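*Asks:* As they're listed, the protein sequences go chains A and B. Every letter in the first sequence is one number past the one before it in the working numbering, and letter 6, counting from 1, is 2. Every letter in the second sequence is one number past the one before it in the working numbering, and letter 183, counting from 1, is 460.
Keep in mind that the hints were calculated from the coordinates and are not lab data. A portion of the hints provided could be inaccurate.
Said to hold, decoys possible - With a Cα cut of at most 30 Å, we get these calculated DSBU-like pairs of lysine-lysine:
no.: 1; chain 1: B; residue 1: K676; chain 2: B; residue 2: K641
no.: 2; chain 1: B; residue 1: K620; chain 2: B; residue 2: K648
no.: 3; chain 1: A; residue 1: K145; chain 2: B; residue 2: K641
no.: 4; chain 1: B; residue 1: K378; chain 2: B; residue 2: K619
no.: 5; chain 1: B; residue 1: K620; chain 2: B; residue 2: K641
no.: 6; chain 1: B; residue 1: K474; chain 2: B; residue 2: K619
no.: 7; chain 1: B; residue 1: K641; chain 2: B; residue 2: K378
no.: 8; chain 1: A; residue 1: K145; chain 2: B; residue 2: K378
no.: 9; chain 1: A; residue 1: K145; chain 2: B; residue 2: K620
no.: 10; chain 1: B; residue 1: K619; chain 2: B; residue 2: K648
no.: 11; chain 1: B; residue 1: K378; chain 2: B; residue 2: K648
no.: 12; chain 1: B; residue 1: K474; chain 2: B; residue 2: K620
no.: 13; chain 1: B; residue 1: K378; chain 2: B; residue 2: K676
no.: 14; chain 1: A; residue 1: K145; chain 2: B; residue 2: K676
no.: 15; chain 1: B; residue 1: K474; chain 2: A; residue 2: K145
Treat the numbers as computed from the prediction; the structure is a model and nothing was measured.
Here is how the chains run, residue by residue.
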Amino acid sequence: MSDVADEVAQPLMHGCPIADSRGQVVLHAGRDAYIGVLKKLIDDGFTMCSDLTAVDYLTHAGRVLPEGIAPERFEVVVNLTSITTRDRIRIRVQVPESDPVMPTAFNLWPGTEAMEREVFDMFGISFEGHPDLTRILMPEDWEGHPLRKDYEIGHIPVQFKGSHS
Amino acid sequence: MTTLDNIRQTSEGAQEMRSRSELRPQELMREIGAVLRMSEAEVAALGNVPSDPEEDQTMIINMGPQHPSTHGVLRLMLELQGETVLRCKPVIGYLHTGMEKTGEALTFLQGGTNVTRMDYLSPLNNELVFSMAVEKLLGIDGDIPERAVWMRMLLSEMNRISSHLLFLATNGMDLGAVSMMLYGWREREEVLRFFQKVTGLRMNHNFIRPGGLAADLPAGWRDDVRAILDMLPGRLEEYDILMTDQPIWRERLQGVGVITADEALALGTSGPILRSTGVAWDLRRDQPYLRYEDVEFDVIVGTYGDAFDRYAIRLNEIRESMRIVRQILDRMPQGDYRVQNKKVTPPPRARIDESMEALIHHFKIFTEGFKVPEGEVYVSIESPRGEIGCYIVSDGGPKPVRMHVRAPSFVNIQALPHMMRGGLVADAVAVISSIDPVLGEVDR
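One chain only, chain A, in its complex shape (with noise of 0.2 Å):
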């Protein structure tokens, strides 16, 4: 954490918020600024991409932020670990509703294409760049993204007097 700037003023890295979450270290990337953080990141160590999945924040839209980083409905969260030194980083990208299009780690990670797929499918969120961004987990012929806030789950009938649905 040698480029984490003075403590009085926010933390920095690689000219992007971090924040600490619970002892994990949280960077705030915005999504111009996505592929130069990560390329930065591995430069730094941190090889391996354990985890990309996104979060619909569209229940919870009163999240806590660092300054000058506002919030959109999605969020992609990535989590980078190093082998060298045993650290984790996690990036959280916001991503807005009306533009849900983030660039491909593919390039950097050829592991991340299945993520990305699932994040796809899922969250209706697309990868630029992706090679093969197609659904992964539904049906080809599904509608909708099941874990978008706004799509309900499905529930059975219950016959019983006065009972709801």
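Chain A is already provided as a structure; the job is to place chain B on it using the hints.
*Replies:* This is chain B only, laid out in the frame that chain A set:
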């Protein structure tokens, strides 16, 4: 956004592999490059195989989703030229039941019943990582009593033994060593019998819960564990005679499904697959959780990154787990099996008969659930298959906003096309088996 917009955005191509004659060369190269992760030169060379579409010498066959050696409902589309595999594409999702969505509708206390069903061969590891994530959000991860921590370690290692025993069984079955299948299931059953005594169930225990465990160890648990520890070493030696030293077994596995360390890291694999390439990465040692820094064990690594290394690693990890369990037997502390924090721990049964408040409290915890402070954490541990992680986002309520499980099999299965390229169809079975995927976890 309306539902209609949502539907309009749902534009996706076919998940399936298309035949060469339907593809333009450019598309083919992109697909091969994406699925098989080759260099451009390699792709160009492979794209040239059948130059004349009329003389299409290759064929695409489906392996699965209903195939005994695909370990569940894994479907592989294989492009074959004779008996050689040119391309392979795993098609998954046949067991998708929306468990992450279900997780958003369950309270943090109920969540364990959900995650335990993902990797059904190591349910206790799933519960453990989920509980650890919730505890970190609650800020009580440092308060878990010692006995609970050591009990978790005991169960987690016993689970590793049972999972690897099942791997030996299925690996043997896939390669035609059918007697190994019976032996592996037989030994695993002994471990499951121990689980049944402790948790009440053979699988899907929901025993490790946020704050500790559901109950204390039953009387006589030491004898049961010792009986397993006494029985296993002899059986493992039998496996060595039956398989490890046997030329046919070696011929079938050595040099099959080779992957290098760089490829394994780029593909994000973890667990025995990564360790088979010589990368000594085991979260139990490298990012210790529970009390793994207090016990002695070795991280088993391979050299060649082939199917035999992955087999040998798992076999020897059983021995290492037994070593850890022996140390746990010696050092299991006395104390409470769950944290006495009124926020997350229900009052004891006896108190409910005496106190109205205790009854209400008990009722509230089990119906409404306990509230978890706002925040997000990612916690990962070493499951038998690799790094299992749990990412939870809470908005301060009793249910998570998002509960994501980083399933090791889901990521590891991406290495399949890479391992299979250029191999024989017969070896494809050995390669699938050496990945040891659990489809419940792949599809969630």
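*Asks:* Taking the hints in turn, state whether each one holds.
*Replies:* Hints, verified against the model:
With a C-alpha separation of about 14 Å, the suggested pairing of K676 of chain B with K641 of chain B holds against the 30 Å cut-off. Taken as a hint, the K620 of chain B and K648 of chain B pair is honoured in the structure, with Cα atoms around 8 Å apart against an allowance of 30 Å. Note on K145 of chain A and K641 of chain B: the hinted pairing holds, with a Cα-Cα distance of about 26 Å set against a maximum of 30 Å. The straight-line distance between the Cα atoms of K378 of chain B and K619 of chain B is roughly 29 Å, inside the 30 Å bound, and the hint therefore holds.
This hinted pair checks out: K620 of chain B and K641 of chain B have alpha carbons roughly 10 Å apart, not beyond 30 Å. Between the alpha carbons of K474 of chain B and K619 of chain B the distance comes to roughly 28 Å, so the proposed pair stays at or under 30 Å and holds. In summary, the hint linking K641 of chain B to K378 of chain B is supported, as the alpha carbons are separated by about 24 Å, within the 30 Å threshold. At most 30 Å may separate the alpha-carbon atoms for a hinted pair to count; K145 of chain A and K378 of chain B meet this at roughly 9 Å.
At roughly 28 Å between alpha-carbon atoms, K145 of chain A and K620 of chain B fall within 30 Å of each other, so this suggested pair holds. In summary, the hint linking K619 of chain B to K648 of chain B is supported, as the alpha carbons are separated by about 12 Å, within the 30 Å threshold. A distance of roughly 19 Å separates the Cα atoms of K378 of chain B and K648 of chain B; the hinted pair therefore holds under the 30 Å criterion. In summary, the hint linking K474 of chain B to K620 of chain B is supported, as the alpha carbons are separated by about 29 Å, within the 30 Å threshold.
For the hint pairing K378 of chain B with K676 of chain B, the CA-to-CA distance comes to about 12 Å; that is within 30 Å, so the pair holds. For the suggested pair K145 of chain A and K676 of chain B, the alpha carbons sit about 14 Å apart, so the restraint of at most 30 Å is met. At most 30 Å may separate the alpha-carbon atoms for a hinted pair to count; K474 of chain B and K145 of chain A exceed this at roughly 41 Å.
Figure legend: structure checked against the earlier numbered hints; the only hint not met is number 15.
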